[in-house]
Amino acid sequence: MCVRAWFVAFGIVAAACGPEVGSLKLSAVSPKSVTVAHEVVIPLLADTSGPESLQWQWQSSDRPELATRLSRPTLSAYSGGRALWRFTPLASDVGPLSVEFSAQSGELSGSLGLRFVIEPGGDPPLFREPVGEGTTLDLRAMACVAVSVVVESSSAPQVELSLVSPPPNAEIVQTDELGGKLVFCPSMSQAAAETIYPLLLQAVSGPHVVHKSYVIVLRRSA
Amino acid sequence: MKRLVVWLLLVSFACAPSGPPLAALDPGLSDLSIVEVFPTTLLPASLLLIRGQSLPSPSEGSMYLLLSGTSKTPGGLPRNLEVRLRAEYVSHTEAQVRVDTEFLQQLGGNSIEFDGHAKIVVASVIDRLEHVSEPVSAKLQIVPSLSPRLDVVELQGPQRTTGKIHSNDWLTVRGDGFLLGDGEGDTVALVSGCFLPEGVSEPCAQNGRAVRELELPVRPLSRVDRTSAILPYSPTIHGVMPGTFSGSIRLRNQPPGSTMRTLSSSRSLSVAQVRPELTGISPSAASLGQYVEMQGAGFIGGLPGQATLVRLQGQFSLEGSPVNIPVDTEIVVQWLPRFPNGPVGRYVLDETDALGQALEPRGGLREAAGVFVGTGTMTLRYGRESVASKPTPLRIALLRPKQVVVVRFLSSYQDSLRLFGLRAVDNAVRARVLEVARRDYAGINIEFREGGEDSALPTDFAHYAQVDIGGPDPNGLGYLGYDNTPGRDMQNRRLYDRIGGVNAVTQNDGAPGYGGVFAEQLLGFSSHPGTVTAIKSAPGEAELFDQVFDPLRPDVGGTPATVREATLLPALSSGSICPASHDDRSHQVACAIFVLGSLIGTTMTHELGHSLGLANPSNPNGSYHNQGSLRGRIMNPGSLRSFSERAELSPSGPALFCDSDYQYLRRILPGSQLPPSVERQPCLDTPTM
Numbered sequence: 001m002c003v004r005a006w007f008v009a010f011g012i013v014a015a016a017c018g019p020e021v022g023s024l025k026l027s028a029v030s031p032k033s034v035t036v037a038h039e040v041v042i043p044l045l046a047d048t049s050g051p052e053s054l055q056w057q058w059q060s061s062d063r064p065e066l067a068t069r070l071s072r073p074t075l076s077a078y079s080g081g082r083a084l085w086r087f088t089p090l091a092s093d094v095g096p097l098s099v100e101f102s103a104q105s106g107e108l109s110g111s112l113g114l115r116f117v118i119e120p121g122g123d124p125p126l127f128r129e130p131v132g133e134g135t136t137l138d139l140r141a142m143a144c145v146a147v148s149v150v151v152e153s154s155s156a157p158q159v160e161l162s163l164v165s166p167p168p169n170a171e172i173v174q175t176d177e178l179g180g181k182l183v184f185c186p187s188m189s190q191a192a193a194e195t196i197y198p199l200l201l202q203a204v205s206g207p208h209v210v211h212k213s214y215v216i217v218l219r220r221s222a
Numbered sequence: 001m002k003r004l005v006v007w008l009l010l011v012s013f014a015c016a017p018s019g020p021p022l023a024a025l026d027p028g029l030s031d032l033s034i035v036e037v038f039p040t041t042l043l044p045a046s047l048l049l050i051r052g053q054s055l056p057s058p059s060e061g062s063m064y065l066l067l068s069g070t071s072k073t074p075g076g077l078p079r080n081l082e083v084r085l086r087a088e089y090v091s092h093t094e095a096q097v098r099v100d101t102e103f104l105q106q107l108g109g110n111s112i113e114f115d116g117h118a119k120i121v122v123a124s125v126i127d128r129l130e131h132v133s134e135p136v137s138a139k140l141q142i143v144p145s146l147s148p149r150l151d152v153v154e155l156q157g158p159q160r161t162t163g164k165i166h167s168n169d170w171l172t173v174r175g176d177g178f179l180l181g182d183g184e185g186d187t188v189a190l191v192s193g194c195f196l197p198e199g200v201s202e203p204c205a206q207n208g209r210a211v212r213e214l215e216l217p218v219r220p221l222s223r224v225d226r227t228s229a230i231l232p233y234s235p236t237i238h239g240v241m242p243g244t245f246s247g248s249i250r251l252r253n254q255p256p257g258s259t260m261r262t263l264s265s266s267r268s269l270s271v272a273q274v275r276p277e278l279t280g281i282s283p284s285a286a287s288l289g290q291y292v293e294m295q296g297a298g299f300i301g302g303l304p305g306q307a308t309l310v311r312l313q314g315q316f317s318l319e320g321s322p323v324n325i326p327v328d329t330e331i332v333v334q335w336l337p338r339f340p341n342g343p344v345g346r347y348v349l350d351e352t353d354a355l356g357q358a359l360e361p362r363g364g365l366r367e368a369a370g371v372f373v374g375t376g377t378m379t380l381r382y383g384r385e386s387v388a389s390k391p392t393p394l395r396i397a398l399l400r401p402k403q404v405v406v407v408r409f410l411s412s413y414q415d416s417l418r419l420f421g422l423r424a425v426d427n428a429v430r431a432r433v434l435e436v437a438r439r440d441y442a443g444i445n446i447e448f449r450e451g452g453e454d455s456a457l458p459t460d461f462a463h464y465a466q467v468d469i470g471g472p473d474p475n476g477l478g479y480l481g482y483d484n485t486p487g488r489d490m491q492n493r494r495l496y497d498r499i500g501g502v503n504a505v506t507q508n509d510g511a512p513g514y515g516g517v518f519a520e521q522l523l524g525f526s527s528h529p530g531t532v533t534a535i536k537s538a539p540g541e542a543e544l545f546d547q548v549f550d551p552l553r554p555d556v557g558g559t560p561a562t563v564r565e566a567t568l569l570p571a572l573s574s575g576s577i578c579p580a581s582h583d584d585r586s587h588q589v590a591c592a593i594f595v596l597g598s599l600i601g602t603t604m605t606h607e608l609g610h611s612l613g614l615a616n617p618s619n620p621n622g623s624y625h626n627q628g629s630l631r632g633r634i635m636n637p638g639s640l641r642s643f644s645e646r647a648e649l650s651p652s653g654p655a656l657f658c659d660s661d662y663q664y665l666r667r668i669l670p671g672s673q674l675p676p677s678v679e680r681q682p683c684l685d686t687p688t689m
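Residue numbers (my numbering), protein chains in the order written: chain G, 1 to 222; chain E, 1 to 689.
What the hints contain is simulated information worked out from the structure, not anything from laboratory work. Honestly, I wouldn't trust all of these hints.
Covered stretches of chain G, as calculated for chain E (at least 3 residues, CB under 8 Å) [unchecked claim]:
#, stretch
1, 23-35
2, 72-82
3, 116-124
4, 148-162
5, 189-202
6, 214-220
Note that the Cβ used here is the ideal one computed from N, Cα and C, for glycine as well.
I would like the entire structure built from these sequences, with the hints used as guidance.
Set out below in structure tokens:
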């Protein structure tokens with residue numbers, strides 16, 4: 001049993017490592033992007049017209065456990081020298097990954113390496129509050145408006161909140177990683193000069209910068 | 001040593017199984033077809049659009065447009081040609097080709113008439129073969145430039161006969177040679193004339209406001225029509241005050257990167273601008289986070305110095321209370337440039353704005369249900385100008401919060417269905433999932449909507465939750481489902497939770513980051529779960545699972561369900577006949593649909609319960625699951641939820657929310673529907689710490 005296994009093992013290694021014996025040309029379509037939880041499918045093709053059946057294999061030299069763990073990739077062979085390698089990466093897989101494919105058909109063998117990076121995914125932040133387009137500040141009743149600001153972020157645990165080119169006396173006071181208060185206390189001269197104050201809220205999270213327009217309209221005595 | 005290395009290499013390789021003759025690889029292009037190419041008149045940098053079916057995404061293959069026929073220059077002789085142009089994927093039904101230098105060179109220049117056929121050619125990356133669609137006839141004209149021709153300027157709707165116009169009412173321009181944007185350039189309107197405000201005497205040239213070549217963007221009516229376009233009668237022309245405008249309009253084509261401008265002849269434009277009008281609202285009853293559309297005309301906004309306000313004056317009568325609260329507040333309305341049934345004004349019920357804050361002492365928009373009766377007056381603010389509509393009687397019912405839940409079935413879920421042999425009956429599984437969800441939350445103000453990765457999201461609610469139904473657990477933990485929303489959302493403060501994707505905040509807290517329902521992990525209930533984590537279950541449960549699914553699972557020699565079977569099957573409303581006998585194929589398929597739909601559905605209702613604040617909703621430090629060892633409660637821990645209970649094959653019936661969990665849900669999301677008459681088990685909540 002051991003001897004037989006040894007011959008099989010030798011054959012596979014020779015096929016993968018000994019193109020001088022007789023080579024199979026392998027080609028693959030490298031994935032453009034690979035993200036956690038999204039299946040990546042790599043089509044493979046071996047240039048063979050021989051009658052012998054084709055034996056496909058794969059391994060990852062930098063993550064050998066990938067082949068034996070649960071939630072592992074699968075490799076399905078089809079007719080005409082074709083095969084599909086399918087893999088849905090896990091959160092723990094984020095980072096670069098090398099995969100070596102090999103195929104053997106009788107005396108012929110070939111191999112091919114692919115390297116790609118698995119991204120964690122995640123979307124740009126999203127303003128959740130305020131949800132509307134604006135509010136009114138009745139200066140007859142109060143001098144300031146304070147609006148709760150809440151941002152949802154899937155790609156980073158904190159964001160930086162600010163106002164873009166704010167008018168005087170308007171600011172966002174950040175109170176936690178994903179929230180704050182938009183405060184505007186217009187001066188008498190501001191209230192006299194203008195009644196519509198368009199504001200642009202900004203949330204920055206890593207490479208993502210998102211904005212939300214919000215208008216504060218002043219109500220004052222006629 | 002060498003032998004050891006070789007042996008280790010052997011065991012580290014994962015092999016494709018060998019065995020019976022291999023099947024041909026299906027690239028999914030059997031329905032590939034082309035329907036039409038448009039527009040028929042093209043300019044340098046135009047986009048030639050292709051409408052078709054089963055067009056492949058970039059990960060599935062490269063796509064080309066094959067044009068074969070004759071091309072002719074003006075005054076020249078026709079010559080035969082066949083050109084192959086790289087097409088860019090837009091969707092499974094649309095692709096596009098940019099008219100670039102290569103395009104023009106292949107067709108023979110920038111002044112060409114082509115007459116022939118178009119085909120789509122796909123170089124599939126899946127099977128590495130070329131697939132060609134059937135041809136459609138195609139006639140294309142390429143011209144170096146287009147000059148606009150303006151024949152008619154029209155008002156829309158009732159304004160067409162009255163000549164009266166509101167701010168931002170649509171004007172239609174008809175003619176030819178309009179640019180369609182998307183790289184070929186834009187057509188703009190130039191408006192000139194004189195505006196005489198209401199109450200100011202003639203002559204306009206002396207007492208009015210001159211308008212000189214004010215530029216307004218023109219929007220094509222469609223991406224293929226060079227003869228019709230629309231533009232809003234913008235307040236930037238002369239403001240928002242009532243009065244009369246007399247002048248002209250002409251069009252100008254502006255190709256990108258060129259100073260060359262071509263102008264149409266002008267057409268006269270005389271209108272009377274009138275005050276805005278507010279005629280009603282829709283819907284007349286709404287809840288927190290829901291959009292309310294204002295009906296009427298004259299809405300403005302979207303640019304600095306412009307705002308539309310609606311002043312609400314009247315009484316708000318609180319539900320279940322004799323108290324009437326006087327209301328005098330103004331809300332900010334968003335201008336939506338919708339065509340043809342618009343523009344409209346849109347408002348979203350927001351806790352943070354003036355109306356939301358005014359109701360805060362009464363519990364805000366979450367508690368203060370009731371009816372506002374009074375008037376609404378629309379005011380346009382444009383710089384220092386302000387003009388109001390007549391007050392309109394309004395009646396608006398403010399409803400208690402409603403939770404809209406979009407259940408998104410992801411492509412990874414569809415991939416996982418293959419493992420169960422149920423890919424072809426996907427829709428039937430989905431229907432069962434939603435049936436379970438609606439039943440479990442009966443009497444609660446939740447609305448479940450089906451969605452997918454590419455389907456449109458709700459437009460009637462700004463706040464809605466999402467639950468993703470996916471394939472394997474991306475956390476690698478073998479969970480059936482996981483609520484990855486941050487913390488415990490007591491009282492369901494967030495109506496916008498997303499159970500799905502990744503959540504960095506949750507991850508940062510040390511918890512798994514990826515959420516959703518993980519359909520593939522359900523295979524773990526089998527006695528032969530393949531590459532899926534096995535789930536420990538009571539004796540007989542794995543065998544029951546296998547009796548249901550083995551007849552369909554391809555990995556154990558079963559025969560997957562077919563589309564035809566799906567159309568012939570009656571949906572089961574109970575699992576009493578499951579598992580079906582081995583010679584009853586139709587019931588085998590029906591049982592598998594029922595069981596998988598129930599498994600996914602009951603997992604989803606549990607995870608959604610977490611995101612709504614369950615379990616132990618009154619205790620911030622309490623357990624996330626029900627206390628004690630009573631079975632049959634939706635928020636029980638996984639160890640108390642057997643396969644047969646989740647699959648609804650148990651004679652004791654489906655699990656229910658326990659008593660105080662259900663009362664809590666009724667309190668935060670009270671539905672108008674009466675609670676179902678069922679006996680609920682005690683939750684045995686831990687007391688508040």
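Comparing the hints with the structure gives:
1. 23-35: Coverage by chain E holds here, the residue count being 4 at a Cβ distance below 8 Å.
2. 72-82: holds (count 10)
3. 116-124: With 4 residues in contact (Cβ-Cβ under 8 Å with chain E), the coverage given for the stretch 116-124 of chain G holds.
4. 148-162: holds (count 7)
5. 189-202: Holds: 3 residues of the stretch 189-202 of chain G have a Cβ under 8 Å from chain E.
6. 214-220: Contact hint for the stretch 214-220 of chain G vs chain E: holds, 3 residues under 8 Å.
Checked against the numbered hints given earlier, this structure breaks none of them.
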